[in-house]
Each structure stands twice: as C-alpha cells, then as structure tokens.
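Number of protein chains: 2
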Amino acid sequence: MGLVVATSRPMRRFAILAAAILSAAPAFAQDLGGQDLTTKAAAVRDKALADPTAWRVVESLTTEVGPRPVGSPAMARARDWAVATLMALGFENVHVEPFTTRVWTRGEEAAEIVGPAPQKLQIIGLGNSAPTPTGGLAAAIAVFPTFQAMLDQPPGALKGKIAVVTQKMPRTQDGSSNGAIGVQRFQGPLEAARRGAVGYLVRSLSTDKTRLPHAGASTPAGIPAAALSGPDAEQLERLAARGGPVTVRLVLSSSVQPAAPAWTVVGEIKGSARPNEVVLLGGHLDSWDPGTGAIDDGAGVAIATGAAHVAIAAGRPRRTIRVVMWGSEEQTGSGAAYAVAHKAEIPGIVVAGESDLGAGRIWRVSLPARGAATPAMAAFKAAAAPLGVIFADAPPKYPGADLEETTAAGAPFVQFSQDASHYFDWHHSADDTLDKIKPDELAQDVAVWASFLYVVANSDVDFRKP
Amino acid sequence: MGLVVATSRPMRRFAILAAAILSAAPAFAQDLGGQDLTTKAAAVRDKALADPTAWRVVESLTTEVGPRPVGSPAMARARDWAVATLMALGFENVHVEPFTTRVWTRGEEAAEIVGPAPQKLQIIGLGNSAPTPTGGLAAAIAVFPTFQAMLDQPPGALKGKIAVVTQKMPRTQDGSSNGAIGVQRFQGPLEAARRGAVGYLVRSLSTDKTRLPHAGASTPAGIPAAALSGPDAEQLERLAARGGPVTVRLVLSSSVQPAAPAWTVVGEIKGSARPNEVVLLGGHLDSWDPGTGAIDDGAGVAIATGAAHVAIAAGRPRRTIRVVMWGSEEQTGSGAAYAVAHKAEIPGIVVAGESDLGAGRIWRVSLPARGAATPAMAAFKAAAAPLGVIFADAPPKYPGADLEETTAAGAPFVQFSQDASHYFDWHHSADDTLDKIKPDELAQDVAVWASFLYVVANSDVDFRKP
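Residue numbers (the numbering used here), protein chains in the order written: chain C, -18 to 447; chain S, -18 to 447.
Everything labelled a hint here was simulated from the structure, so no lab data went into it. Check before you lean on any hint, since a few could be wrong.
All copies of an identical chain are treated as equivalent in the list; a pair is satisfied when it fits inside any one copy or across any two copies.
As the list claims (entries may be wrong) - In silico EDC-like links for lysine to aspartate or glutamate, alpha-carbon gap of 20 angstroms or less:
| # | residue 1 | residue 2 |
| --- | --- | --- |
| 1 | Lys101 | Glu90 |
| 2 | Lys101 | Glu89 |
| 3 | Lys21 | Glu386 |
| 4 | Lys419 | Glu40 |
| 5 | Lys446 | Asp27 |
| 6 | Lys101 | Asp416 |
| 7 | Lys28 | Glu218 |
| 8 | Lys190 | Asp421 |
| 9 | Lys324 | Asp441 |
Since we're looking at a predicted model, the values are computed, not measured.
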C-alpha cells in the first residue's frame, strides 16, 4: 500500500475552501514534558471549549461534500476535502491510504401496500439487499412483533411471504439497544430467507417517530430487504391485526462493486521526543447516503481533528498525535486495511480511540487498567471531571469498528462514551444533518479528547502491555 | 345537487369493518329540554372522556383508507368508509353530497444540488405547481432569508433564477404563525414569477427539524414550485453564503382535473322538538397525500363523529345534531359546494363549527356574543372549565375553511382553539400519521365538543341574529 498525497484540482478547490476553516496553524513550542500537566491539561480543556475548529470542520464536510458513501464520487470529494482540511490546519505527513473494498450501492426503491388498503410505504433498502425482480415483488406479509418470534418459526414457515419484524428500539443513553436488537437488521434477512421468505422488512433501528426509515448493513441473504419507518411498521401491524391477508409490493434495485477504490486520510504532528510513539484518534469519513453524515460520522472526524488541533496548539508534543479519517466504516473495510498497512508500527501505538457515536456529550470515560492510575491520568481526570464526565471502573469494551483489527493486534484503546439518547433518532436516516449537532455538546467532546491527547502525548503514561 | 346514498360493494365492506368501531347505537330517550342542563352536560363530558369512538374512527380511517387526496381513488374509498361508519354508529339520514372541484395531482418529483456540492434535496411539490420541462429544470438559485426580502426585488431581478425563501415558521400555541408566514407558500410562486423566476422553493411551513418536507396549496403561477425540508433550506443557505453560484435541478410532474368528482358525507340525528334547527359540527375527510391524514383532518372527523355520538347517546336531542365530513378542504371546493347546496336551510343553523387544527387539547373556546351569557352556556362553561378550557372575551374570528361560505351567508359559528404547538411539526407531511395523536388529548377534544353539542341541542340558546 502506497501513501498518496492527493493533488487533484478538486483538492485544491477544497484547500481554498478550507482556508476559511483555519485558525492559525500551530506555532511549535518547546518540549513541555516536565511542566505541570494538571495546569496545562485544564488550559487545553478551556481552550478547546472556545475553539471553533470542530464545528467548522463538520459544517464544511456536511455542506461542501454532503452524503459520501464508500464507492461514490462523493467519497472521492471527501478524500480531497480531508487532505485540504488537514493541510490547512497545519498537520504534517498528510496523506491518503488507498485500499479496495466491497461496495453495495442503492438504486431505485419503493414499497406500497397493494391491499386491503392501498398506500405507499416509507422504506430504505438495507445494505447487501438483493434486488427485486424486474417489475418488483408482491407477496403477503407475515408480521412478527419480535425478532425472536420470527426465529421461532420452523423451516419453510415463511415460504413465499415477506417477513416483517416490528420490534421497536428503546431509547438508551449508552446506545446499547443497538447491540441488543441490531441483530434484527444485520441477520434478519438471512434468518427470514432460511425460513422460506422471499423478502424481509424490519422496523428501523430508530428511536424517533418520523416517517424517515433508517438504513444500515445486513448480511447478504439473497432476498430483498429493507427498513420501514416506525409509523409504517405500526401501520402494517394494525392491518395484519385485522386478520385478512395484507399484500405488499417492493421495488428494490442495487449494484455491487466487488473491489471499489476507497481511501483513509491521515495527518499527524510528529512527536519531539518519541516520534515513534503514537497517540491515535479518528472518526470515519464515509457515511450512509440518505443524510449528510453529520452525526455519523462527520462529528467524529471533526472531534478528532479539532481535539488534535487544540492539543498541538500548545506546542509540539513529545509523542506523535495522529488523526485518522477512515474511509469505509459503514460497509466495513477500512479497519482491516489500516491494521494491515500499519502492522509494523502497531507496537508503537500508545493508545487509540475512535469517535463514532455522534455529537452528544461524553458522559463516561473508560481507560485501560494499565496507565489509569498514573499522575498523568490524574491530570486528565482533573481536567475532564468538571465537564460532567464520570470515570468507569471497568476497562473499555469496544474500540470502534475501524479499530477492531488494530486493537486485536495489540494496540491499547480507550472508550469515551457519548450520550446516545438521541443518536438513533437520526442515525443512518435522511435526518442525519448538521442541525442535529449542538455546538456546545460538540465543544465538550473536543475538550475531553483534547485534554486526553495533550496529557498522553506530553507524558510517559503507557497503556501498552509491558 | 342530489343526495346520494352510497350502496357500492366497497361501502358494504367498510360497513363490516365499521362494525368493529361500534359502541351500541343510541337508544333514544325522552325530550330532555327541561332537565338540569348543568348536571347533564357534566355527565356527557365524563362519558366522552371514557368513550373510545373517536379514537376508533381515526384509527380506522387512517389505517383502512390512508392518504386520501381529493380526486384520487382513495377519496372514493374514504366516502364509502364515511357512509359505513356513520351508519354503523346509528346516525340518520346518512348521505353523500356530490360536487365537482378542480384537482391538482402530484407526479414524479425530485431535486438535487448540481453544484458546487452535488447532493439530493428533500422536496415536495406545492399544490398548483407547474410541471418542469421534460428532463427537468436546472438554474442558479437566489436565496432570500425572508419573504419580504424577495418581495423587495424589482421586476426582472430574478430572471432565469430559482427563487428560494428560507424563512422559518416559529412555534405558536394558537397556530397563528401559519397565518403570519403562510403567504410565502400561498403567494410565493406568483410573486417569484412576477420578478422573472423560473422556479420557486420555499422552506416548509414546519416547526420540526426533520428532512420531511410539508406540502400545501399555492396560487397557480405557471412555474414549478416546491417546499424544502428545514435542513435542506439551511443547506442551501450555507452554500449560498459561500458566495459562488449554486445550481439546483428540479423535476416536478403533475396533472390537473378541471372538474373532478368529490363528495361530502353527512349524518345526523333529527331533533325531537325543533328538527329544522341544526347544530352542525364537522371536519374534512380529504387529506394531502404524503401522510395518512391523521391530524389533518382524520382527527377532526373523529372528534365531530365521536362528540355527536356521545351527545346523542343520552337521548334524542330537541334540535338536530349534524355531522359533516367535507370532501375537499385541502384544494378548496367543499365549503362553497356545501353553502350552495344548503342555502335554503342556512337560517336554521343555530351554530356551526369545524374541527381542523389537529388532535391537541382545546385550550380556548370563543362563543358568539349573542347567546354567550345564557344559562345554557353557563352549563356548558361549567362542564368545560375543568377540562382546562378558558373562555375568550372576544368573539370567534374564523370558522374553518369549509364553513367560510356558510357563515358568510349568516350561520353563527364557534371557534374552539386546539393547542397547535406541535401541529406544524407534522401538518401536510409524511409524518401526519396516527402515532402523533395522543388518545387523552383527543378525548378532551371530544368531551368539550360533546358537552357543547348536548347543551345547544337540548336548550333554547340561540346565537343567530334576531
């Protein structure tokens, strides 16, 4: 894998646009390793709370690029935007890491109740859905109030039917309802097909009440599969409860690229004392197509960029701070590509994090056991606690999708939990737009991460196994 | 205009469905005119609070018929549903009043930003929009933060442009922001065309933050015209603020029926003492197409039907109580048709009301000056006040769109103001669905109207000019 610095004309256009984002590029100060970390971390936190960089980054990305699914022309524009943005902010070693990945792309989509009460349904195809036959697919539905109720059906029980699972996602602060019922989207098409279904509809993994359905990936199952909006799922429940047959017609088209070009974009500030020790923070640049990828994951890209920007504004750090904008989270691919490309340097990663749960406030921080009880982390905790952060007494459980392979290969990771109470109102839907981000909450995220990056990069704290 | 009792096969199907709605049809009691109205009105109120009829009616209409724009096959199904529902509830003289009206019907619709940041826009065509040329219309936009800013442009200033007005609707309890800025939808296309624009986009008359645009009528202007979702309007504002040209492409198709068949459905209970004196309450049966017409105006149909059902359950009233389900409010037509057809009997209308502001609680009641200070209205006030209702010290200002002509011809009217704080979150959008109605709020509406109908129909109160 080569490192490619993009120099296309669109990139230069973004470089000009990105100039508007720019606060002054950092003036590198002297080694700060011996100074009072607690005082310095608090100063970084306060600077971050007032720094507009993260907001400007997410405003720029969602406005000037918009939706950017992997494999689309927009993702190439996002790559150029990322390079221009990182360069304008003074990052070093800004480069593009190309890879290829399998890509599913949505085509025409429609659904309607044919009878007994003809009306349109609001759906969105699931990633890896099979297309319907030309002219669409009409079949009677079989409605299940829970995913388990469908799993309880014997083989062949859904023969010729469109299976419909209407289980509702509950609202949770930590987003754990996604893990708890996400299987109805991921595995639903496959389990329906195994029982003979010719199509699959699932109530969106959503906590809102709008008619906007929520997209997302699913395991390839060879049948058409789509998500319904909540009110549409309830409409099918009501009609089915009347006892007669309910027929639904689906039109879903899509295409697959087995090895589409994709790109992860990286920028860093080299450490003054230990340049090969890396503090890594990222988000993912790609998004689903219906919204503009503001909370998923323009916010993460902005938080990582903004936090690093503030952390290095105080002076060149002792260790390297690296910002990573992964290029294919929604359909997988970039995490594995990153781990393979950086295999040799994984032992140098002091700690890694991914911000990929929206733009709500960080309410809980979980640190690896080794390193958590050091003076450096005491300085971080002193900076973060006034921001309303609590510190978990359990080690971090999940690094983020793009870090799975890198952390499996040994890199330590932190988990900074954002308040996800409203995240699934908008996630993967057309409603994932800039107006859903509250600037003060975004600034709190940046402040927590910036003080963490600062402390780790300017101390000897080590989370790695000895 | 003849009165036609529908007897089609679909109607009989709905009659069977409607049987499920049915509480017992009323057993007619003796003339109650001399009894204690205050006690009786309170009893009617309490019965209404527990009566499921209104909820069942709106659940049935929105589920079994769904969206029902005038001129569509669904509106014919709604007509049959209405007849079956009123008959199942024991109303007398259930009949259909046919008329014809001009109908605009939506076809294919799409919009996108062509440059500088290609992405789709969420729009919905305005009623009476002209279609775009085959292949669509692409033009630079001119963005105005207020409607007045567009009006301030001289003739020709918008030549070749798509005018965009992004003024946001504020949230109001009484819904008055619709009157205050509704002109940007109604008259916007015409005013844009007068200044040379080739197309018109308006921020939806909406108080929500979703990507669902809100439909609605506009004055024919000969140019394509559509509403943007709020986030899409803000996206165009941000791109335009960057200073370069922003090009938008519109595809809008539609068709017009100059004289489409339409129907108003009526049921009543004849008064025992004064059958020619009519207490009239209605809502409108038609809806816009994107939602299922739950709050606009399935709720009004349900409130009128449910309130009359409870008011007559106590016994046959002295005056006639009439329920009217008007058949073309959204594109106008049914109010004028009703006034013409019933011209001779308008002097017999003791009072009229239309419930057409959703399903929120009634918070204010406005009565005509004549009749307001009678013992009968004291009985009504005593029943309604515990429901959280205040009584306006000004006479009613607006009877509802379908009563404009009838009240202009002399019929007195009341205005029961519902809390519209959330009405414009969903109004005319795909989000106008059953889940937006809170059963306890709907029951409060029914209780206020039922006690009013009961008191007026069983007393000698008169709001008519002598």
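Hint check results:
1. Lys101 with Glu90: both (12 angstroms within a copy, 15 angstroms between copies)
2. Lys101 with Glu89: Close inside one copy (15 angstroms) and across copies (14 angstroms); limit 20 angstroms.
3. Lys21 with Glu386: The answer is neither: 33 angstroms in one copy and 74 angstroms across copies each exceed 20 angstroms.
4. Lys419 with Glu40: within (12 angstroms within a copy, 37 angstroms between copies)
5. Lys446 with Asp27: neither (32 angstroms within a copy, 71 angstroms between copies)
6. Lys101 with Asp416: Only across copies: Lys101 and Asp416 sit 17 angstroms apart there, 28 angstroms inside one copy, limit 20 angstroms.
7. Lys28 with Glu218: Neither, since 52 angstroms and 30 angstroms both go past 20 angstroms.
8. Lys190 with Asp421: between (25 angstroms within a copy, 18 angstroms between copies)
9. Lys324 with Asp441: neither (23 angstroms within a copy, 91 angstroms between copies)
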